[in-house]
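Residue-level listing of the chains:
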Amino acid sequence: MTPFWAWLEATTVGQGVQGSLQVTAVLSAVHVAGMTLVAGSALVSFLRLIGALFPDAPAREVTRAARGGLLVGLALSISTGVLLFSARATAAVENDFFRLKMLLLAGAILFHAAWYRRLLLADGPPSARTRLGGAVSLTLWMGVVGFACAYILLE
Amino acid sequence: MTLLQVAEWLEASPAGYIARESLWGFTILVAIHLVGLAVSVGIVIWLDLRLLGLNMQKQPVSAVYRRLMPIAFAGFAVMFITGGLLLAGFATAAYGNLYFRIKVAAMLLAGLNALLYHRVTERSIARWNEAARPPLPARAAGLISIAAWTVVVLSGRMMSYTMF
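Sequences listed follow chains A and B, in order. Counting from 2, one number per residue, gives the positions in the first sequence under my numbering. Counting from 1462, one number per residue, gives the positions in the second sequence under my numbering.
I should point out that these hints are in silico values taken from the structure, not numbers from a laboratory.
A few chain B positions that, by computed beta-carbon distances, are all more than 12 angstroms from chain A:
1. A1566
2. L1569
3. L1573
4. H1579
5. V1581
6. R1588
7. A1592
Beta-carbon label-pair distances, calculated as ranges:
8. B:A1608 <-> A:L22: 22 to 28 angstroms
9. A:T13 <-> B:G1572: 42 to 48 angstroms
10. A:T12 <-> B:G1557: 34 to 40 angstroms
11. B:Y1622 <-> A:T12: 20 to 26 angstroms
12. B:A1592 <-> A:L104: 40 to 46 angstroms
13. A:R100 <-> B:A1587: 52 to 58 angstroms
14. A:M2 <-> B:F1625: 28 to 34 angstroms
15. B:A1575 <-> A:A136: 27 to 33 angstroms
16. A:L104 <-> B:L1464: 44 to 50 angstroms
Okay, the calculated bits of chain B under chain A, using three or more residues with CB under 8 angstroms as the criterion:
17. 1487-1499
18. 1511-1525
Model, not experiment: these values are computed from the prediction. Cβ atoms here follow ideal geometry from the backbone N, Cα and C, with glycine treated the same way.
Extracted from the complex, chain A is given alone in its bound form (with noise of 0.2 angstroms):
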């Protein structure tokens, strides 16, 4: 894969990006207010499933907006992630912490999309089930956050 990452790295947009403390700055402000959005769709909906916030009404209507923020926010952080990660993607690659990030962010992806969705769009009460789903979704994306934290400030 190095010779890929490298590639990458060489290509105009990985040199733009990275010849530009200007680009980098407002790339990264956009990839910091996704985040935000996620982690606030993260938090709100765990709040329903867990029975904290309006138990008595839909899962599907207390989280409609949320699920569509969780999808602007992905939407935002990814492909202005994408752009940083061009810059230095032979040096990230090599992070513990970026490796972690990653891991985490897929987990937490494919965890939405194969079982976390369905929760969200049923019209039940809080249940051992949901508390599980909300739990373990929230614990994914804040590992998230965590870790870009660590990879950005440590690095």
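Since the structure of chain A is already known, use the hints to place chain B on it.
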């Protein structure tokens, strides 16, 4: 005492010293600051969207406020404390930074907007508490809040790239 002198005094304080000179102190403060951001702004969005008529339309505005805002306030407290300590460490650099000034202005706007909402707009809440789409002043409060906090987040991140 001028603002710049306040900034110099903050930097010389023990809190300023720890935020600036200790890698772990700085890293932990920034990480907690970001968690506070996720919990405060990440939660207040859903109240703002309720005011805009785009979220939890079947729940009364007052109920959404009561359930969400205690959590958001906890996040804001964490964010203000860690933000204050980080500011102490780099006060003179922040003082001259354009994005820091934009960030402070946007936070003041968010605060004034919230004050106006509570003092004026919310007085008539009995008439629109259950409305799926609240009246214009309430929707405006939601929109201004989202816009102001977005500017705070964006300029906050821009700051860290232009200050050092």
